[in-house]
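Chemist: Residues per chain are reported as follows:
2 protein chains.
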Amino acid sequence: MITSAEMDRLVAEIGDELLRRMGNATPAPARGEGLNIPDKICPDCTQRCVQTCARKSAAIIAAGADRITASATTTRVDPAIAALIDHTLLKPEATEAEIVKLCGEARQYGFASVCVNPYWVTRATGLLRGSPVKVCTVIGFPLGASTTESKRAETAAALRCGAQEIDMVMNVGALRSGNEEAVKLDIAAVVEVAHAHRVIVKVIIETALLDDNQKAIACTLAKLAKADFVKTSTGFAKGGATAADIKLMRDVVGPSVGVKASGGIRSFEDVANMTAAGATRIGASASVKIVEGAPAGARTDGY
Amino acid sequence: MITSAEMDRLVAEIGDELLRRMGNATPAPARGEGLNIPDKICPDCTQRCVQTCARKSAAIIAAGADRITASATTTRVDPAIAALIDHTLLKPEATEAEIVKLCGEARQYGFASVCVNPYWVTRATGLLRGSPVKVCTVIGFPLGASTTESKRAETAAALRCGAQEIDMVMNVGALRSGNEEAVKLDIAAVVEVAHAHRVIVKVIIETALLDDNQKAIACTLAKLAKADFVKTSTGFAKGGATAADIKLMRDVVGPSVGVKASGGIRSFEDVANMTAAGATRIGASASVKIVEGAPAGARTDGY
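Heads up: the sequence lines are chains D and A, in that order. Numbers given in my numbering equal positions in the first sequence, counted from 1, plus 135. Numbers given in my numbering equal positions in the second sequence, counted from 1, plus 135.
Hints in this document: simulated from the structure, not taken from any laboratory. Some hints could be false.
[What the hints assert, rightly or not] Below, a list of computed lysine to any residue pairs in the SDA-like style, where the Cα atoms sit at most 25 angstroms apart:
#1 K226/D to K373/A
#2 K226/D to D346/A
#3 K319/D to I352/D
#4 K236/A to R311/D
#5 K226/A to A411/D
#6 K382/D to E228/A
#7 K226/A to T260/D
#8 K358/D to A291/D
#9 K373/D to T230/A
[Unchecked claim] Calculated from the model, a selection of chain D residues having no Cβ within reach of chain A, i.e. all distances over 10 angstroms:
#10 L225
#11 R264
#12 E284
#13 A309
#14 R311
#15 K319
#16 E341
#17 I352
#18 A360
#19 G374
#20 K382
#21 D405
#22 A407
#23 N408
#24 A412
[To be verified] What follows is a list of derived Cβ distance ranges for each label pair:
#25 E404/D to E231/A: 37 to 43 angstroms
#26 S391/A to G239/D: 42 to 48 angstroms
#27 L359/A to E327/D: 55 to 61 angstroms
#28 E327/D to R333/A: 32 to 38 angstroms
#29 K236/D to K361/A: 33 to 39 angstroms
#30 S266/A to S266/D: 43 to 49 angstroms
We put the CB at the ideal spot given by N, CA and C, even for glycine.
Full structure from sequences and hints, please.
Modeler: See below:
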C-alpha cells in the first residue's frame with residue numbers, strides 16, 4: 136500500500152516531471168494554439184494536433200493538477216487546463232454586459248474560446264481582437280432541426296461576423312428517422328463552408344436524446360463528413376456529458392477527431408473525469424470556478 | 136343566486152343562440168379560413184379578420200363549449216375551437232412517424248396549422264396538400280439569438296419548402312441590452328420576406344425572460360415592424376403563457392394584431408382562460424386532448 140503522504144509526493148514529482156517534458160514551466164506562449172489547427176501533425180502521437188495538448192492535459196490532471204498549477208505559474212490557474220475550455224454563454228437572455236464580462240474572463244484566464252450565440256459574434260470578435268482566445272459560435276442551435284440550407288447560410292453569416300470555431304447541432308430527428316444520408320450531408324454542408332475559411336467544426340450529437348447505437352452512428356457520420364470534433368450536448372436537453380458517452384465517442388471516432396464534453400460540467404473533478412475518458416475539449420459556463428479549482432457549486436449546464 | 140341546474144340551462148341556451156347567430160350549426164366548411172388572411176376586414180369588428188373567429192370562439196367558450204359541441208357537430212369536437220390551435224411538435228428528437236401522425240391529427244380535427252421545425256416543412260407540406268390546415272414553422276428558434284441575416288435566410292428557405300406561417304423568436308438578449316432598434320429591424324427583416332409571399336409572421340417574445348415593461352416594449356416593436364401576431368413563449372423557457380401576460384400583450388397591440396398563447400396549455404380550461412384574456416391563437420401539443428375536452432393530464436409544453 137502507498138500511504139497518503141507518499142501518494143502526495145509521487146503526484147507532485149510526476150507533475151513536475153510532466154511539466155519539464157512539456158517545457159511548460161513558464162506561462163506558455165503557445166497556450167491554446169495547436170488545439171485548433173486541423174492537419175498539423177503532433178510529434179507525440181503523429182495525429183492531428185487537436186489531440187496533443189489535450190493528451191498532455193489529461194496526463195497532467197491525472198498527476199495532480201493542483202500541485203502542477205502551484206509550481207507552473209504565479210497564479211492558481213493552470214494554463215493547460217484553461218486552454219481546454221470553451222467559455223460558454225448561450226442563454227437567450229444574455230445581455231451585452233454579460234458578453235463583455237465573458238470575453239474579459241476568457242482573456243484573463245486564457246480559455247480556448249468564448250462560445251456565444253451568433254448575434255454576439257461581432258461584439259465578441261471586437262472584444263477579443265489581438266488575443267489568442269477564439270470566438271466560437273453555434274449553428275442550428277439547440278434543436279438541430281433547421282434545414283441544411285439554413286445551417287449553411289447561418290455558418291456563412293457567422294464567419295463573416297468573425298467566428299473562428301463552429302459548433303453545429305446534428306439533425307437528431309433525421310437520425311432517429313433513419314435518414315443517415317441527410318444527417319451526413321447536413322454536417323458536410325457546414326464543414327465545407329467552415330473549412331473553406333480554415334475554421335473547425337464541432338458536431339453536437341445531443342447524447343441525451345440518443346441510445347448507444349445512435350450515438351455511434353452519429354459519431355461515424357460526423358467523421359465521414361470530415362468534422363473536426365464530436366461534442367456531447369447543447370446544455371438544453373435533459374442530460375449533459377457523461378464519462379461513458381465520452382468513452383463511446385472516443386472509441387468510435389478514434390484519435391484523429393476531437394471529442395468535446397459539454398453540459399453539466401461544473402467542477403475541476405468533472406473536467407478530470409471527462410479528459411480521462413477521452414475528451415479533448417470542454418464546454419462550460421462555470422469555467423472560472425473550474426480553473427480556480429473551486430468546489431462544485433450551483434448548477435451550470437453549458438447553457 | 137342561480138342554481139347549478141339553472142346555470143346549465145342558461146349556458147345551453149346561450150350556446151345555441153350563439154351558434155344560430157354564427158350560422159355554425161353544421162360542420163363549417165370555412166373552418167380555419169379567415170383566421171390567417173391578413174387585411175381581410177371582419178364584419179363584426181371592422182378589423183383584420185385575424186380577430187374574427189377568435190372573438191366568436193371566446194364567446195362560445197364563455198357560453199359553455201361542451202354544450203355547443205354536442206349540438207353543433209356529430210363529433211365531440213368543436214371546429215371553432217380546433218381552428219384556434221396550432222398543433223405543435225417542436226422537440227428536436229421528433230421522428231418522421233411522429234410528424235406524419237401530427238399532420239393526420241391536424242387534418243382530422245381541423246387545426247389551424249401544424250407547427251413543426253423547418254426540417255419537417257417539406258414533409259408536412261406534402262402530407263397536408265389539399266387540406267385547409269396550414270404548415271407553420273419556427274425561425275431563430277428557440278433562442279432568437281441568431282443574426283438577422285440568418286433569420287432572413289432561414290425564413291426564405293422555409294418559404295421555399297412550403298411554409299405558410301412563420302413563428303419567429305425575437306432577440307431577447309438584444310432587447311434586454313437596450314438595443315430596441317436592432318430588435319425591430321430583426322423582426323422587420325423576417326416580416327418583409329414573409330409578407331412578400333403573403334405569409335403571416337408571429338413574433339415570440341418569450342415572456343418568461345422579460346419583465347412587464349420589457350413585454351410592453353417587445354409588443355410595441357413587433358407591431359412597429361408590422362408583425363401579424365405577438366406570441367408568448369417557445370415552450371423551452373422556464374414559463375409559458377399566463378392570462379395576465381395575454382391581457383398585457385392584447386392591451387399593448389390593440390385589436391389589429393393577433394395574440395398567440397403558447398407554452399403549458401394543456402386543457403380546454405387553459406384555452407378558455409387564454410381566449411378570455413385576449414388570445415386569438417393557441418399553440419399546443421396537447422391539442423387533441425384539448426378539443427376532446429379531456430381533463431388536463433401529463434405535462435405538455437408546446438415544445
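Chemist: Next, verify each hint and record whether it holds.
Modeler: Going through the hints against the structure:
no., hint, in the structure
1, K226/D to K373/A, "12 angstroms, holds"
2, K226/D to D346/A, "17 angstroms, holds"
3, K319/D to I352/D, "10 angstroms, holds"
4, K236/A to R311/D, "16 angstroms, holds"
5, K226/A to A411/D, "32 angstroms, violated"
6, K382/D to E228/A, "23 angstroms, holds"
7, K226/A to T260/D, "32 angstroms, violated"
8, K358/D to A291/D, "21 angstroms, holds"
9, K373/D to T230/A, "18 angstroms, holds"
10, L225, "7 angstroms, violated"
11, R264, "19 angstroms, holds"
12, E284, "4 angstroms, violated"
13, A309, "7 angstroms, violated"
14, R311, "5 angstroms, violated"
15, K319, "14 angstroms, holds"
16, E341, "7 angstroms, violated"
17, I352, "14 angstroms, holds"
18, A360, "17 angstroms, holds"
19, G374, "12 angstroms, holds"
20, K382, "23 angstroms, holds"
21, D405, "24 angstroms, holds"
22, A407, "30 angstroms, holds"
23, N408, "26 angstroms, holds"
24, A412, "24 angstroms, holds"
25, E404/D to E231/A: 37 to 43 angstroms, "41 angstroms, holds"
26, S391/A to G239/D: 42 to 48 angstroms, "45 angstroms, holds"
27, L359/A to E327/D: 55 to 61 angstroms, "39 angstroms, violated"
28, E327/D to R333/A: 32 to 38 angstroms, "34 angstroms, holds"
29, K236/D to K361/A: 33 to 39 angstroms, "35 angstroms, holds"
30, S266/A to S266/D: 43 to 49 angstroms, "56 angstroms, violated"
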